[in-house]
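As they're listed, the protein sequences go chains A and B.
At the far end of the first sequence sits residue 381, using the working numbering, and the numbering has no gaps.
At the far end of the second sequence sits residue 1054, using the working numbering, and the numbering has no gaps.
Keep in mind the hints are simulated off the structure, nothing from the lab.
Predicted, not measured: the structure shown is a model, and the values here were computed from it.
There could be a bad hint or two in this list.
In the DSS-like style, the derived pairs of lysine-lysine whose C-alpha atoms are separated by at most 27 Å in a straight line are [said to hold, decoys possible]:
id, chain 1, residue 1, chain 2, residue 2
1, A, K51, B, K1002
2, A, K51, B, K1046
3, A, K222, B, K1002
4, A, K53, B, K1046
5, B, K1046, A, K65
6, B, K1046, A, K22
7, A, K374, B, K1046
8, A, K212, A, K143
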Amino acid sequence: MSRLVIIGTGLAGYTLAREFRKRDQDTELTIITRDDGSSYSKPMLSNALEKGKSADTLVMANAEKMATDLNARILTRTDVANIDTTENNVTTDKQTIPYDQLVLANGAYTISAPIGGNASEQIISVNNLDDYRIFRSQLEIGKRVVIIGAGLIGCEFANDLSSIGAEISIVDLAEQALGRLLPTTAADTLKEKLSALGVTWQLDNAVTEVNKGDDGLVVSLKDGTTLNADIVLSAIGLRADLTLAETAGIDTGRGIMVDRFLRSSNEHIYALGDCAQVEDLHLPFVMPLMNAARALAATLSGEQTAVNYPAMPVVVKTPCYPIIVCPPPRPVEGAWDEEQTDGGVRATYKDADNKVLGFVLTGDLTRERMAMSKLVDDWLV
Amino acid sequence: MKQWQCLICGFIYDQAQGLPEEGIAPGTSWEDVPADWLCPECGVGKSDFDMVEV
């Protein structure tokens, strides 16, 4: 009997397992995770406060239930130490597990900026449910939050934190919110809407030190400003976790490099989700990994299936100002054509031939998502 | 009117509002949403949704 091993129980690992079991009920399936194996919706971490959810109620199924549902062995709180590509087995801190096919779905880790001070190790980031539990327990103590990073996650958390009356400051090197994704009118409006909820901005600025003070943490900024905080939340981005792939000697770039069949440079090892780079695209979002999971499930059950990426707009969960962004997936020459209407902003990123390469919709215009997506070429065909 | 929430991404389908831009009229009950309909935010199918209290 063939043996499939998946490393990771995030959305990528569990979605793949679920899709695989729809096609194959017999293959021996082992899933290994560093955390407790709870199944939860990661995107909901940034709107759980407003939805009245706690870390515990975000859990949809625990590891035991998932193991039953998926007819799988799930090894929780287990670190994979090594992948032996000669013998085709995985060594954990507890045992050695042979595989015929191995899938790396071990995600990404949060980038941390170099910040000094005697409390810099108290800076937190939220990248999984364990992190989220810590964040929520700190919120019980105080609600003054400094968020480092005015990107997707930073703005979403700011909006969510405002729902419980938190005192929020956002610090970013850039001069606008969602700097790399939005044209100026949309970015300025988002900033205004979040400001109306009480968010204060420290743009074109940076955190240099975090120190212990008499009243919580003291956050020092590049321009000399100091902010008092109970929580310093860093949200400046993700980087694919390549450690395991490197021990296995497989090719890596921004992610574990895989082809359209999600196959790495080792024919028995596949990767998907935030750790994977499919051809030239490393896209740490939900929709790409759902597409990848469906294709890979088919391939692993014997039906070779290449993943296709349509244009995949990202919904920014800022209810105070709904935004959908569909950035060009690759660097490309073009310019924003931005139109402010009563309903919101409609912006298209066009090349010299007037071809739409990407778009942004805000406010009520977010309902034009489907129509706009049709104007954009597929990302991977 | 009920709301249904995507278990994967948190997208909410509100029966009262429907999704007119996708051809689903306001007031369309969840049962009447086509079986091949996919979550607009993450692409999962109807079976991956669950009902949420309003």
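Numbers of unmet hints, in rising order: 3
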